[in-house]
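**Q** Chains as they are written, first to last, in my numbering: chain A, 1 to 730; chain B, 1 to 168; chain C, 1 to 328.
It is possible that part of the hints are untrue.
[To be verified] Listed below are several chain B residues computed to face chain C (Cβ distance under 8 Å; list not exhaustive):
1) H39
2) R53
3) S59
4) E139
Just so you know, the hints here were simulated from the structure itself, not pulled from any lab data. Where a beta carbon is used, it is the ideal one built from N, C-alpha and C, also for glycine.
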Amino acid sequence: MSAHLKQDEPDTRNVLDGMEQGIIGQPLARPDGLAKVTGTAPYAAEYPVADCLEGVLVTAPFTRGEITAIDKASVLSMPGVVAVIDDERLTARAAQGTAGEAPEQPAREVGYFGQPIALVVAQSFEQARDAAKHLTFDYRADDLDDVPLDPETAGAEPQDGATRQGDLAQAMSAAAHSVDVTYTTEGHNSAAMEPHAAIAQWDGTKLTVHASLQMLNYNIAELADALGLQEEQVRLISRYVGGGFGSKLGISEETVAASIAAMELERPVRVVLSRQQVFQTIMRRSETKQRLRLSADKDGHLTGFGHEARVSQLPGETFAEPVLQSSEFLYAGENRLLQLEVARIHRMTAGSVRAPGEAVGMPALESAMDMLAQQVGIDPVELRLRNIPERHPSEGLPYSSRKLAECLEQGAKAFGWDSGARQPRQHRDGEWWIGTGMASAARVHNVAEARARVTLKPDGTALVETDMTDIGTGTYSIVGQVAGEMLGLPMDQVLVELGDTEFPRGPGSGGSWGASSIGSAVFVACEELRAKLASKAGVSTDELKLKDGGVVGGATLVELLDGEELSFEGHYEPGDIADDYTASGYGAFFAQVRVNRFTGETRVDRMLGAFGFGRVLNAKTARSQCLGGIVWSIGTALTESLLFDPVDGHVVNCDLAEYHVPVHRDVPDLEVIMVEERDPAASPIQAKGIGELGMCGGAAAIGNAIYNACGARVLSFPMTPDKVIAAMPD
Amino acid sequence: MPITINSQTYDLPEDNRVTLLDFLRHDLGLPGTKKGCDHGQCGACTVLVDGMRINSCLSLAAMHDGDHITTIEGLGTPAAPSKLQQAFVEHDGYQCGYCTPGQICSATAMLQEIANGWPSDASDSLEGPMVVSGAEIRERMSGNLCRCGAYANIVAAIEDVAAAEDAA
Amino acid sequence: MKPFDFQRADRLEHAAQLCADEGTRAIAGGTNLIDLMKLQVETPQTLVDIHRLPLGRIDDTDDGGLRIGALATNTATAVHERVRREYPLLARAILAGASQQLRNKATTGGNLCQRTRCYYFTNIDQPCNKREPGSGCGALKGVARLHAVLGTSDECIATYPGDMAVAMAALGAVVEIADAKGHTRNVPVRDFHCLPGDTPWRDNVLEDGEIITAVILPPPVAGRQLYRKVRERSSYAFAMVSVAAIVALEDGRFTRADLAFGGLAHKPWQDPRLSALLLGKEPSAKLFDEAADVLLDGAQSYGENAYKIPLARRTLTAVLAEATGMEL
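If we strip away everything but chain A, and leave its shape as in the complex, we get:
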C-alpha cells in the first residue's frame, strides 16, 4: 500500500513535535558507526566477488580530437590481459547531477586532456594497470591553437534568467557609498576520500553493480540509457559511499566501463579510478570571475545590487556553476543586475562540487559587503541586519522561515564579536597579525520526490527501505529517527536499509535535499501506519500516543499487530509551495585568523558558525555536517585551487599532495550554533537542507579577517601566502 503527499501548503501541524518517543533531533550515535570504525562497512570496490577481473581505464594524452584506431594486440599478449574494451557505449564524461540519461558518448571523441578512451581488463590489478600504460592507439588531435582553453579569453554565452531591475549604474553613481570590485575563485575538486569504483556482474539478463554513487534513483536511468538496457535489467547497490560532494551525483566512466566489460566477458569486473583519474576525468567546480557592485545610502541601506559572474564549461554541457543563486534574494537593493555567463573551453567537465553556486558566489558577495561596511563605517554585522529584505527583492515572494538575523546576533554574541570601529592591524602576537571577520551564510533549500517503504513487523520492530544513500551525511540515523519518533520505537528497534535500487526510489543525496525529502517520505508512510494502528487501538490518530514499542498505557505493538505485518510506501512530492515562498537555509560565520607579517601564511585560530536550517533531525550528525562545511570554507579560503596547464588544459595538480584539502592542523576549535527553527513551508517535517550551508560564505569570514588582521585586501580565493604578501601594505 502506498501513501502520497504533494506539499502545496505549509505544514504547520508540527506532527513530530507531538510524538512521545523523544528521539527526533537527539544527538544519537550513528547506527552505522561501529561498522565504520571497525573497517567492516563495505564500500563499492570491497565486496567479495568470486572470479572478478580487474579493469583500468586508458586516458587520452591530447585535448581535442578523435581516437582513430586502437591496437588491442599491443597489450593482449601481456601477462594476464583478458580484453580491451573500446565499445561505442563507453562514456567520455560523468553524468551531471539529476541528468537521468547517459552522459556524452562515444569515448573515442575526445574533448579534454585525460578523457577515458578504453578499458584494459586483466586477471589482476597490477597486470591491468601496467597494460593500460602500454595500449597503443592512433589519434587525430586538433591543433591547440584552435582549441579554446582559457576562460578569460574564450567566447562566452550569457545564461538565460538574468535579473535586470531599475538602473544599477545610476544607483551606483548617485550612492553615498559604493563598492565596485572583481573577485576571482579557482577551480575545486570534490576529492572524496573513496575514489570512484564499481564492480559489475551480469547474469545474462540482469546487471548488478556495486558502485559509489549518490543518486541511485537517477543513476539507474543513466546507466541503463548508456548501455541500452531497460531499468528493470539494472540493479545498483551503494550501501556505503566514501564521500561524494557532488562528484558521484551522476554515473561516471568506471561504472559504465565495468558494466560493458562484465556483459561482454560474462565475468565480474571491477574498475576503480586512480586518484589522478578522479582529478582528471570526473568533475571540477568551475573557476569564477565575479564583479560585485553594491550601492548604499549614508546609513548603509542598499540601493543597488549587482553581481555578474563568468564561469566555464565544456561545449555541450548544460550545467553552469550557479554563482548568483543566493544573491538573488539575500539582500535588499531596488536596482539590480544579476547575470551569469559561460565561457566554453576544453578543460575537463565542470559540474557540482559541494554547494554549487553559493560555495564561491557567497564568499565574493560577503567580501564585497565587508568592503561596503568599511566604507559606510558601520559594523559589518549591522550592515547585514539593515539589509534583510521583507520580500524577495525581484520576485516579491515572501520568505519561508528565515533565521538570518538570529544567526547574526547569536553568532556575534557567542563569538565575542567586537562591534566597535574596525581598523586593520590592531592586534599583533610576535610575527603574527591577528584579526577577525564575519560573513552571512545562505543556501537555497531544495526538496525532491522521494519514496520509502516502512514496514512494521509482527515482532514490533520497523524496517525502512529506500534506495536513498548515506554519503556520510547521516541518512541511516535520521531516517531511523523519523520512523522511530512516529512509531514510538527506540532506535535499536528500527532497521534502516539504504542504497539498493530494489527498494523504493528515494531522492538521492545531493543539493542538501536528502534529509528533508527522504525524511518526508518516511513521515508520510508512518502517518498511514499510525492511522492503521489507531484504528486497531480504537482511538483517533490524533489521540494515538506511541512510545517504546506500544501505546502509552496500553497495548504493545506486538499485541496490536497480532501477527500481522503492516507496510506502507510513503511517496512525497514537492508541490506548488516552491512557487509561493523563497526558502533557504541561513547562517553567519565568525572567524579569527593570524597572518604572518613576513610570509603571508594564514592560520585560522578559531571559527564559529550559527545556522538556521529548520528542524534538526539529529543534533550530532547535523553538527557534523556544519563542521564539515566550515572545513570546506577553510579550504576555499586558504588552500584549494585546481591548476590547469595553459598549453593543453590538463589538470596539473591532479593528486592530494598538490591539491591542498585542509589537514587536521588547518582546522582549529570550531563552534556550531544550531538556531532553533521549524520551517513549515520547507517540508512536512519542517526541516531544510544542511549539508552545504556550512561552506556558503565562510571563506569570506576568513578573507575579511585577513584584511582586518594585516590590511591585505586579497581579491582572489584561495588566499595563499603569495597573494597575501602581494596585497600586504608595507
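Based on the hints, put chains B and C in the right spot on chain A.
**A** Below, chains B and C without anything else, positioned relative to chain A:
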C-alpha cells in the same frame, strides 16, 4: 619468511609488485584498510608494522617478510571495539567513514609516540616532555586527510581516550 | 607498475654489485620510488631490497660529530637524543616534512635521493627532460608554481623537494658513499645534488653501483639553529620556500651565519657570499635586505613561481630577525 597480520600468518604474494595495501584488501580479504590515493598522500591506508604507523600503499608486501602487521580489523571488532573505536562513534569522529580506519590506526600509534616522548613539528621544545594537546594531536594526525571535515570530532575522540588513559 | 625482478641484498657489497646495472634500483623505505613506479615515471627492471642491511645505526663519531646510517628512518633521526639536543635544526627540518607515517618509512639515503615533485615530471603524458631526455620541459610554458628561481636551465626548472637535506647542507654534513669494491667516498651534502644544466636527468652525483651508507654531521657548533618552512597548508605540504639557519653573534656581530634554502633550486641552495656578507656585521634590517639581494641576485622566475623571489626575501628576513632576536 611469512608475514603476520593480526596474529595470523600468511605467505607473501607471488607478484612482487603487490603493495601491502592491495595484499590486505584484495588477496587477504581485509578491506578495512582503505585506498584513498595509492600514493602516500591521504593516510587512509595507515596500518601498524611492529607498532609503527606507515602508509601501506607505499610498501611492497614482499618487503614485509617476518613483519607483524596490525590493521583496523586487528584493533577491534563491532562486538569488541577498542577505546578509540568507541570514542569515534561517540564523538561522531567520521562521516562517510572511508578515512576512519586510517585515522584510528594512526591515532593508536600516535598516542604511543607521545608516550615515547617523541617530538612533533608543533612541539615547543624538542626535548619534552610531550603532552597530548589539541595542537599536538592536530599536527601529528595531519597525515590523515578527512574530506568530510570531521577533524574537530576526531580530535575530541582522541583527547577523550588520552584523558581516560591518563586517569587510569 | 612494470614487472621487475626482486632481489634481497644481504650485504652492502652485494647490493652495490647488483645496483651497478643500469635499470637496477635499490629500495629502502620505498616511499618515493614506489610512488613513481606506480606512475611509470620509474621503471626499474630490478629492485634490490636493501632495507634490512645493517645501515640503520646512529653513532657518535670520534671527533664528536654524528654518523647517521643511510637506513636510519627519518623518525629515528628526528627523535635521536643528540640530534634533538645538538642538531635541532635537523630534527626540526625532518619534522616539518611529510607525515609521521612517511617519516617512519623514509630513510636518510632515500630522502637525499628524493626526486622532484614537478607536475610534468610525474605525468608521463607530458614532456619532461628529466624523465625523458630531449622531450622538452612542460613547466617552462606551463604551470611553474613549485619551480625553481635559482640555478635553473633551459632544460629544467624543477626543485629538490626535501627538507632534511636543506638542514644537512646548512650543518655542513657529508654524504658517505660506497661502491661494489668496498671503496667509499665522501661528498659534502652541498655538492651532492646537481644543478640541471644540460643533464637534467641527473639529480645527484651517485654513480651506478654506488650506495649511500651514511651522512656524517660535523661536531655541533654554537649558535641558534632554525628551520623555517613556508607552506600553503599548515602541515603535510612541500615547501614554497624554506630556510635553514645556524646563526651566532658575539658582541652584537655575526660570528656564524650558515644558511641553506629549500624550494628555490634543484638542490638545497647555498651561497657562500651570504656568510661573507654577514660575518662581522651587526644585524639590521638593512643588512638582511642586502643579504636577500645577494641571495636573489640572478634569480629568474617563470610565471607562477614569481612569488618565490619576494617570499624568499621575506622569509630570510624573518629567520635572521628571529635568530638574532631583532625586533623588526
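**Q** Now look at each hint and say whether the structure bears it out.
**A** Against the structure, the hints come out as follows:
1. H39: 5 Å, holds
2. R53: Nearest chain C Cβ about 5 Å off; hint holds.
3. S59: 6 Å, holds
4. E139: OK, holds: E139 of chain B within 8 Å of chain C, min 6 Å.
Hint violations for this structure: none, all hints satisfied.
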